[in-house]
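Trainee: With chain A held as given, fit chain P onto it using these hints.
Here's the letter readout for the chains.
There are 2 protein chains.
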Amino acid sequence: MTKIVIIGGVAGGASAAARARRVSETAEIIILERGEFVSFANCGLPYHISGEIESRDALLLQTPESFKSRFNVDVRVHNEVVSIDRQAKQLTVRNLMTYEMYQESYEKLLLSPGASPIKPPISGINNHFVHSLRNIPDMDKILSNLLLHKPKHATVVGGGFIGLEMVEALRHLGLDVTLLELADQVMGPVDLEMANMLHQKLVDNGVDLRLKTGLTAVDEYPIQLAEADNTGDYDKPILPHYHLQLALSDNNTLATDLVILAIGVKPETSLASECGLVLGPLGGIRVDEGMRTSDADIYAVGDAIETADFVTGNPTLIPLAGPANRQGRLAADNMLGGDKKYRATQGTAICKLFDMAIASTGLNEKSLLKQNIPFEKIYVHTASHASYYPGAHPISLKLLFCPDSGRILGAQAAGIDGVDKRMDVLAVAQRAGMTVHDLADLELTYAPPFGSARDVVNQAGMVAANVLLGDEAICHSQDLHALTAKQIIVDIRNPGELTAVGSIAGAMNIPLPELRDRLNELPKDKELLVFCQVGLRGHVAYRMLIQHGFKVRNLTGGYKTYQMVNARF
Amino acid sequence: MTKIVIIGGVAGGASAAARARRVSETAEIIILERGEFVSFANCGLPYHISGEIESRDALLLQTPESFKSRFNVDVRVHNEVVSIDRQAKQLTVRNLMTYEMYQESYEKLLLSPGASPIKPPISGINNHFVHSLRNIPDMDKILSNLLLHKPKHATVVGGGFIGLEMVEALRHLGLDVTLLELADQVMGPVDLEMANMLHQKLVDNGVDLRLKTGLTAVDEYPIQLAEADNTGDYDKPILPHYHLQLALSDNNTLATDLVILAIGVKPETSLASECGLVLGPLGGIRVDEGMRTSDADIYAVGDAIETADFVTGNPTLIPLAGPANRQGRLAADNMLGGDKKYRATQGTAICKLFDMAIASTGLNEKSLLKQNIPFEKIYVHTASHASYYPGAHPISLKLLFCPDSGRILGAQAAGIDGVDKRMDVLAVAQRAGMTVHDLADLELTYAPPFGSARDVVNQAGMVAANVLLGDEAICHSQDLHALTAKQIIVDIRNPGELTAVGSIAGAMNIPLPELRDRLNELPKDKELLVFCQVGLRGHVAYRMLIQHGFKVRNLTGGYKTYQMVNARF
Chain A
1 MTKIVIIGGV AGGASAAARA RRVSETAEII ILERGEFVSF ANCGLPYHIS
51 GEIESRDALL LQTPESFKSR FNVDVRVHNE VVSIDRQAKQ LTVRNLMTYE
101 MYQESYEKLL LSPGASPIKP PISGINNHFV HSLRNIPDMD KILSNLLLHK
151 PKHATVVGGG FIGLEMVEAL RHLGLDVTLL ELADQVMGPV DLEMANMLHQ
201 KLVDNGVDLR LKTGLTAVDE YPIQLAEADN TGDYDKPILP HYHLQLALSD
251 NNTLATDLVI LAIGVKPETS LASECGLVLG PLGGIRVDEG MRTSDADIYA
301 VGDAIETADF VTGNPTLIPL AGPANRQGRL AADNMLGGDK KYRATQGTAI
351 CKLFDMAIAS TGLNEKSLLK QNIPFEKIYV HTASHASYYP GAHPISLKLL
401 FCPDSGRILG AQAAGIDGVD KRMDVLAVAQ RAGMTVHDLA DLELTYAPPF
451 GSARDVVNQA GMVAANVLLG DEAICHSQDL HALTAKQIIV DIRNPGELTA
501 VGSIAGAMNI PLPELRDRLN ELPKDKELLV FCQVGLRGHV AYRMLIQHGF
551 KVRNLTGGYK TYQMVNARF
Chain P
1 MTKIVIIGGV AGGASAAARA RRVSETAEII ILERGEFVSF ANCGLPYHIS
51 GEIESRDALL LQTPESFKSR FNVDVRVHNE VVSIDRQAKQ LTVRNLMTYE
101 MYQESYEKLL LSPGASPIKP PISGINNHFV HSLRNIPDMD KILSNLLLHK
151 PKHATVVGGG FIGLEMVEAL RHLGLDVTLL ELADQVMGPV DLEMANMLHQ
201 KLVDNGVDLR LKTGLTAVDE YPIQLAEADN TGDYDKPILP HYHLQLALSD
251 NNTLATDLVI LAIGVKPETS LASECGLVLG PLGGIRVDEG MRTSDADIYA
301 VGDAIETADF VTGNPTLIPL AGPANRQGRL AADNMLGGDK KYRATQGTAI
351 CKLFDMAIAS TGLNEKSLLK QNIPFEKIYV HTASHASYYP GAHPISLKLL
401 FCPDSGRILG AQAAGIDGVD KRMDVLAVAQ RAGMTVHDLA DLELTYAPPF
451 GSARDVVNQA GMVAANVLLG DEAICHSQDL HALTAKQIIV DIRNPGELTA
501 VGSIAGAMNI PLPELRDRLN ELPKDKELLV FCQVGLRGHV AYRMLIQHGF
551 KVRNLTGGYK TYQMVNARF
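Those protein sequences? They're chains A and P, same order as listed.
Note that full-length UniProt numbering has the first sequence beginning at 1, numbered continuously upward.
Note that full-length UniProt numbering has the second sequence beginning at 1, numbered continuously upward.
Hints are computed from structural coordinates only; laboratory data are not their basis.
One or more hints might be untrue.
No copy labels: a pair is met if it fits in one copy or bridges any two.
Stated by the list, open to error - Here are the computed lysine to aspartate or glutamate pairs in the EDC-like style, where the Cα-Cα straight-line distance is at most 20 Å:
no., residue 1, residue 2
1, 3, 140
2, 366, 208
3, 551, 25
4, 341, 438
5, 141, 471
6, 119, 295
7, 212, 80
8, 152, 479
9, 560, 365
10, 68, 517
11, 340, 441
12, 341, 471
13, 340, 471
14, 524, 25
15, 366, 220
16, 68, 514
17, 526, 333
18, 89, 204
19, 150, 28
20, 340, 438
What you are looking at is a predicted structure, and each value in this text was computed from that prediction instead of being measured.
With the rest of the complex left out, here is chain A (with noise of 0.2 Å):
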């Protein structure tokens, strides 16, 4: 009989418990969670302070009770571990109820400590009116700050995946909003000009977003009565008209009755540390692809450790639930006699902003370039189901890939429609190891109401790989700003679209039907940078050119894209 003691009952240890039940009904399990909840889906905190998820209740997945029942497992919440013993394989326990301390010892030990909030050192930031959300308790106190004070303006410090949602949340339920993000785009895992699609949708809903722009401090108001609010009557209670002063990195000030602070989170290590586990270079907890820690006896799963890159095999923190589902399963597996293997980590991951949704998988271009990777980047903008069916919208997907294997280093969509499915498709070819002639061969589910005969993923393969094969010479946004006297840029889309959308400055525009007519027009000692709309017709163009003897490159992803790039928000 194995003694398993899990530190942390959500995602990851919780995952952990019931897999270990079923692999040994003789094992003793338990769990050791601080918190009063376990197994609660922390996913959805944003969707019910916005009131999408109406029930508080259906966030809680799993009770003390229902885990003692099913599978067996001692979970004691409100309990705290305060050290660890790795000689004796004895945990110091604090009973956050009683404050009464106890030993407990393991044969196995489990840490899913998960990740805290970030709360930067600044002036006032342990203001009562300043918010983190991780949790149940953290969403409860948000609600009753919404509830009780009524607040006319909220700012979300942080555009990461919880400062959009929360964002939305916010709007959903009419607040004014402001967005402040100290870089110089939200979402991080995404490029600038995807992420400049966000800043568009944020601008379009009302928000007030701030880039490159940080919280520096946090002043109290003084509570003020309002006149209206002076009525004697002694019955009704006084809501404080409440307001916090922020300072910004700007040296702006701004007015404002909540703060919710989403900078990021940090891997919860100190017990790891303190008791001497070796952690890794970005801070998380080291552990090896067993899920065990540098000592032997110890595994640890979540938010809290690092594992591989799928692409660079590089250490990464990646606080998601998938892989830490995953993760607990197999340390549990491994806890009790198995040796299974945890493969890399893509990072998939996808965020809703209101209409629209963002996904991305693998590396983005930041990282590759960071990293030294050569990779090459194309650009499609399609349809995301027969355009003739109603319901469609552009996904615009963003492919990055080896120059010369072709295989996917990373791709990021965004649009309004059908974005999960082509990541998820792409997520599954980049870890098959498939390249992007694959993608191009890929057989996908095609009716008018769900996609095309030639899907998003097939088209951008196509693009990619023509390029691979010398089949077309791209350009891209940058090239165009730093022409040289030896290239003109040629628009070859109808004067409506122009009228309509604008062009490029200095362009000449030859549009595309009439464009064999008129190559003499074109000079054949320069070099002319093609582009169209979305990129489509300019590859038509493109290889009906350098079949002219022309030299000549087509723009990827078209006007569409040079506009995402040169955006400024």
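Mentor: Then chain P, alone, in the frame of chain A:
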């Protein structure tokens, strides 16, 4: 300069022409199309009939003029090829507008004639109120029939893709609809228990579904004037109260106003066979991997050809738009000196039926049985996204896999939300040669509106992997009908569930939360066939019982699959 002639200007032919021009600016490219239209959206036809696609023009993707201006392709509609002289490399063509005949030479010839609707030789089938639906004129005829004759009752013969889409379209328009299907199920690509979900959906939507029932004769009723029409008002056009009387294979008759014949298509091979090209065993044109027929200068693509099945390598007929497009592109490359190879076809497909979608890829159980290919199968019924977020619906997924290697042989899924995404993921995984173990580890996009931390496909992979690894022994619904004295059925659901949805006759009930305490009620000398609602709790029970020394199997897919298997229509 190569002269390429393409016979047939829809999916495969149009793709080939566009690609050929991109590859060669100098090639002479001619499309001979006997119909009025090229490159139309034949998959959209039912949706224009229903009115969901409002504009008929939306179905016309390219015109001869746009082909000419963009691709410099000579498109000749209403031009029918009468014969092929392979020795002389010469075609005899009839202009269907003038009835003039002329000769056209080719260097490379591409056959893209498509497939034609099967019209059984039964009495009265050529009635004007009996329609097929394959092209724009067919659609126009049905629309004018609907407009002029205001039919109240329609009969659709055949429950494949077009049949089901037409049933929905006609119901959408308010007609009473009878669906005749000779087989015991609609939608041949999926197995009976999956098709039963469609049968239920048809019945729920007021369709008069008649399985195992064929059409044996069509008779006209004489035109009769109803009392109310005898107004003496001669200016008022008299709507004929037109009725057909159908004779059915079960000796019943059926009065109807309109018949849609949708019993399948057969490859258009008359030109090919008349000029001596080799046909395959299924009656399609035989081609090699480069799309070459038995004549090195004649290529063929699309619904008219046989390709290799992805799983078995055997010839198969796959009349789908996606493969036709890819084949056209590839044939163009090869006609112009390339050496591209077409990969085998999985037959990935999807069909919308009212608010439901059903999709499949690879081989189904019927084909595996017929071809004596060893397989195992599992079922899961998992929410399309986090169940606590609004709009989640269960997806019923059947996974067929090799019992040795775990290689994916085929998959089928049905549900209201997210079916296309899961089938695409599985189609990519199958094409990549992944096993069920790989499915368990896939990293897919997850946020509550889009998926779950453990997605439907992950779940299916885990269940199948458990079977392969011996972590679970499963039984199937059929096993419960052939109980021996050494077996008992144990329903581990809660009493409320039994009351709500029923149970299996003879099953004893011990709810899972009580199971560990009531083990003494179970016999050790009998095999316990346990089941829950969808199979997950059954797995927990299985693991518990097997470790306590019981002989056990868990019903894969649980009671929900049992109901699908045993539904009768």
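Trainee: All hints, please: hold or fail.
Mentor: Hints, verified against the model:
1. Taking the shortest Cα distances, residue 3 and residue 140 never come within 20 Å of each other, neither inside one copy (35 Å) nor across copies (74 Å).
2. Proximity of residue 366 to residue 208 under the C-alpha cut-off of 20 Å is found in neither arrangement, the shortest distances being 26 Å within a copy and 59 Å between copies.
3. Taking the closest pair of Cα atoms, residue 551 and residue 25 come within 20 Å of each other only across two copies (15 Å); inside a single copy the shortest separation is 71 Å, beyond that limit.
4. Taking identical chains as interchangeable, the C-alpha atoms of residue 341 and residue 438 lie at most 20 Å apart only when they sit on different chains, with a minimum of 12 Å there against 27 Å within one chain.
5. In this homomeric assembly, residue 141 and residue 471 never come within 20 Å of each other (Cα to Cα): the closest approach is 59 Å inside a single copy and 44 Å across copies.
6. With identical chains, the CA atoms of residue 119 and residue 295 are never at most 20 Å apart, being 30 Å at best within one copy and 73 Å at best between copies.
7. In this assembly of identical chains, the alpha carbons of residue 212 and residue 80 never lie at most 20 Å apart, being 39 Å within a copy and 66 Å across copies at closest.
8. In this assembly of identical chains, residue 152 and residue 479 lie within 20 Å of each other by CA distance neither inside one copy nor across copies; the values are 45 Å within and 63 Å between.
9. Only within a single protomer do residue 560 and residue 365 lie at most 20 Å apart by alpha-carbon distance; the minimum there is 19 Å, versus 46 Å between protomers.
10. Taking CA atoms no more than 20 Å apart as the test, residue 68 paired with residue 517 passes between copies only; the shortest distance there is 12 Å, against 79 Å inside one copy.
11. Taking identical chains as interchangeable, the C-alpha atoms of residue 340 and residue 441 lie at most 20 Å apart only when they sit on different chains, with a minimum of 12 Å there against 33 Å within one chain.
12. Within a single copy, residue 341 and residue 471 get their C-alpha atoms only as close as 41 Å, which misses the 20 Å cut-off; across copies the closest is 17 Å, which meets it.
13. Proximity of residue 340 and residue 471 under a CA criterion of 20 Å is satisfied inter-copy only: 14 Å between copies versus 44 Å inside one chain copy.
14. In this assembly of identical chains, the alpha carbons of residue 524 and residue 25 lie at most 20 Å apart only when taken from different copies (17 Å versus 78 Å within one copy).
15. Taking identical chains as interchangeable, the C-alpha atoms of residue 366 and residue 220 are never at most 20 Å apart, the minima being 39 Å within one chain and 72 Å between chains.
16. With identical chains, the CA atoms of residue 68 and residue 514 are at most 20 Å apart between copies only, with a shortest distance of 11 Å across copies and 75 Å within one.
17. With identical chains, the CA atoms of residue 526 and residue 333 are never at most 20 Å apart, being 64 Å at best within one copy and 29 Å at best between copies.
18. With identical chains, the CA atoms of residue 89 and residue 204 are never at most 20 Å apart, being 57 Å at best within one copy and 61 Å at best between copies.
19. With identical chains, the CA atoms of residue 150 and residue 28 are never at most 20 Å apart, being 48 Å at best within one copy and 73 Å at best between copies.
20. When the C-alpha separation of residue 340 and residue 438 is checked against a cutoff of 20 Å, the pair qualifies only between copies, where the shortest distance is 13 Å, while the shortest distance within a copy is 30 Å.
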